[in-house]
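S.K.: Mind docking chain G on chain C? Use the hints.
Each chain, written out:
There are 2 protein chains.
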Amino acid sequence: MKTRIISGLVIAPLLILVLLGGPWIKGAVFIITVLGLYEFYRGFHNMDVHPSYPIGIVSVCLLYFINIITFYVHPFTPGMTPYLYMMWLFISVLICLLYMFKIEERNLSDAMATITGIVYVGFFPYHAALAEDTFAVLCGVSPVWLILITAFCTDIFAYFGGYFLGKHKLCPKISPKKTIEGSICGTLASTVFCAAFGYAFMDREYMLAFILTGLAGGIFSQFGDLTASIFKRKMGIKDYGNLIPGHGGIMDRFDSVIFTAPMIFYILMIFFADKL
Amino acid sequence: MKTRIISGLVIAPLLILVLLGGPWIKGAVFIITVLGLYEFYRGFHNMDVHPSYPIGIVSVCLLYFINIITFYVHPFTPGMTPYLYMMWLFISVLICLLYMFKIEERNLSDAMATITGIVYVGFFPYHAALAEDTFAVLCGVSPVWLILITAFCTDIFAYFGGYFLGKHKLCPKISPKKTIEGSICGTLASTVFCAAFGYAFMDREYMLAFILTGLAGGIFSQFGDLTASIFKRKMGIKDYGNLIPGHGGIMDRFDSVIFTAPMIFYILMIFFADKL
Numbered sequence: 078m079k080t081r082i083i084s085g086l087v088i089a090p091l092l093i094l095v096l097l098g099g100p101w102i103k104g105a106v107f108i109i110t111v112l113g114l115y116e117f118y119r120g121f122h123n124m125d126v127h128p129s130y131p132i133g134i135v136s137v138c139l140l141y142f143i144n145i146i147t148f149y150v151h152p153f154t155p156g157m158t159p160y161l162y163m164m165w166l167f168i169s170v171l172i173c174l175l176y177m178f179k180i181e182e183r184n185l186s187d188a189m190a191t192i193t194g195i196v197y198v199g200f201f202p203y204h205a206a207l208a209e210d211t212f213a214v215l216c217g218v219s220p221v222w223l224i225l226i227t228a229f230c231t232d233i234f235a236y237f238g239g240y241f242l243g244k245h246k247l248c249p250k251i252s253p254k255k256t257i258e259g260s261i262c263g264t265l266a267s268t269v270f271c272a273a274f275g276y277a278f279m280d281r282e283y284m285l286a287f288i289l290t291g292l293a294g295g296i297f298s299q300f301g302d303l304t305a306s307i308f309k310r311k312m313g314i315k316d317y318g319n320l321i322p323g324h325g326g327i328m329d330r331f332d333s334v335i336f337t338a339p340m341i342f343y344i345l346m347i348f349f350a351d352k353l
Numbered sequence: 078m079k080t081r082i083i084s085g086l087v088i089a090p091l092l093i094l095v096l097l098g099g100p101w102i103k104g105a106v107f108i109i110t111v112l113g114l115y116e117f118y119r120g121f122h123n124m125d126v127h128p129s130y131p132i133g134i135v136s137v138c139l140l141y142f143i144n145i146i147t148f149y150v151h152p153f154t155p156g157m158t159p160y161l162y163m164m165w166l167f168i169s170v171l172i173c174l175l176y177m178f179k180i181e182e183r184n185l186s187d188a189m190a191t192i193t194g195i196v197y198v199g200f201f202p203y204h205a206a207l208a209e210d211t212f213a214v215l216c217g218v219s220p221v222w223l224i225l226i227t228a229f230c231t232d233i234f235a236y237f238g239g240y241f242l243g244k245h246k247l248c249p250k251i252s253p254k255k256t257i258e259g260s261i262c263g264t265l266a267s268t269v270f271c272a273a274f275g276y277a278f279m280d281r282e283y284m285l286a287f288i289l290t291g292l293a294g295g296i297f298s299q300f301g302d303l304t305a306s307i308f309k310r311k312m313g314i315k316d317y318g319n320l321i322p323g324h325g326g327i328m329d330r331f332d333s334v335i336f337t338a339p340m341i342f343y344i345l346m347i348f349f350a351d352k353l
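Keeping their order, the protein sequence lines are chains C and G. Each residue of the first sequence is one higher than the one before, starting from 78 at the first, in my numbering. Each residue of the second sequence is one higher than the one before, starting from 78 at the first, in my numbering.
Excised from the complex, chain C in its bound form (with noise of 0.2 angstroms):
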């Protein structure tokens, strides 16, 4: 319950930099994406396996690079803009295999989860950012909100709704306190939420896909959760920091969010292509 709690007083500031919108939200993103990934490869240590640091991130640092200079400085034809992502990625996953070249110090694992990294707790949270530069003026406002609508709300009816409800076990060989009873009030909770929110303060011609949203992220950020258990098992941790003493790391606070960024912005993406 406490956890619950602070974890809100973590999120509070946040609200604010959402409503601030635009270069705020991307860059609370970019910060919370690199102490992110400092977290994730620290944890593989446990398992002598040794990501580069350094390559990641300067591999996060240039995505977001390539936001402000295609975002601020130089708008390229609505073509180029993803294929510099593409090119990103190509870049960033070859520096990863270059890394190996030090072939007596380094290891195949240290180069894959080095990849891992750089797309699971880089490039996808970084959908945010992409979401707020594509649908914050279609939605007329921050589509952001949805984002984090759905991992908050998941995260904290999953957990009463657990509490008051729960009787079946969801997972219990990757999180032993998570309930099917609870899951489903999450998923609801976040179907009802993103609807009652894009109902008020978006475009109502598009409420399915608000409710999608609320649906998919609501699954999702469950899988998100599970996943960064998953991760934090094999490599033998119970959090992944220790940002707030006792109570986890910037990890353990947005995992559900990795997944629900990449999912949201697809799912408008589909709904708005027309617009695009």
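Warning: the hint list may mix true and false statements.
Copies of the same chain look alike in the list, so a pair counts if it works inside one copy or between any two.
In silico lysine-lysine, DSS-like type, Cα no more than 30 angstroms apart, as pairs [said to hold, decoys possible]:
{"hint": "1", "residue 1": "K179", "residue 2": "K250"}
{"hint": "2", "residue 1": "K244", "residue 2": "K309"}
{"hint": "3", "residue 1": "K179", "residue 2": "K311"}
{"hint": "4", "residue 1": "K179", "residue 2": "K315"}
{"hint": "5", "residue 1": "K315", "residue 2": "K254"}
{"hint": "6", "residue 1": "K246", "residue 2": "K352"}
{"hint": "7", "residue 1": "K352", "residue 2": "K250"}
Everything labelled a hint here was simulated from the structure, so no lab data went into it.
M.R.: Chain G only, in chain C's frame:
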């Protein structure tokens, strides 16, 4: 020497497919990719790492399915298509991570190797198909010629250059036979042949692009070759496969194309940016 000649015999029918162009090239790249991915994943078995064949192969199929849809069935707006590739990456990596949900049977390395294979063996060579779609009309001939010329000229001239002039080892720990002299000969040959091909068959206004293509392609085809050697050393195998008995598999023949395809695609993209 015999390996080189046999390689040539494998490549010869490919040249006919490149002449036929369009779907023939893409079909060939698809088949090579699927076989290559199979070999790559199999290589991990020695290390007790077990990537998911079905996820990797379905992911590659999905990539070419997107190509068919966007190129032949329903062309989206230019801004939309590359986002489909980003969505593909998200879905593929997501499924690789969910693969770990059978937490007792599967390890982080299984998921990370699956991801690495999808990006390195699946997505990288796919740029040959992308280059064909994007630049065949602009260039007048298939840009896949440049990818093949650079990869195979480098390979052949590095071999003969090293054979006749080789004195200094390039990186004995990774590949004991390679020499600095051979490497320089290969890079120069790649530059000269790409420039000559561009001069003879393509728009001479873009000569600088073809020279750079040859130069960067020459360097990175060697990195591709060495990267494959590192994987094989770490996996504890001599060759990836046994397609031509005694002369290695698909991945042994195409290891340099994996890096040159995206390299050349992005160089052309930068030079032709204003025409896209």
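S.K.: Now, for every hint given, state plainly whether the structure supports it.
M.R.: Hints, verified against the model:
For the homomeric pair K179 and K250, the shortest alpha-carbon distance between copies (9 angstroms) is at most 30 angstroms, but the shortest distance inside one copy (38 angstroms) is not. When the C-alpha separation of K244 and K309 is checked against a cutoff of 30 angstroms, the pair qualifies only within one copy, where the shortest distance is 25 angstroms, while the shortest distance between copies is 50 angstroms. In this assembly of identical chains, K179 and K311 lie within 30 angstroms of each other by CA distance both inside one copy and across copies; the values are 26 angstroms within and 12 angstroms between. In the homo-oligomer, the alpha carbons of K179 and K315 lie at most 30 angstroms apart only across protomers (19 angstroms), although the nearest pairing inside one protomer, at 32 angstroms, exceeds that limit.
In the homo-oligomer, the alpha carbons of K315 and K254 lie at most 30 angstroms apart inside one protomer (14 angstroms), although the nearest pairing across protomers, at 47 angstroms, exceeds that limit. Taking identical chains as interchangeable, the C-alpha atoms of K246 and K352 are never at most 30 angstroms apart, the minima being 44 angstroms within one chain and 57 angstroms between chains. Proximity of K352 and K250 under a CA criterion of 30 angstroms is satisfied in neither setting, with 45 angstroms inside one chain copy and 55 angstroms between copies.
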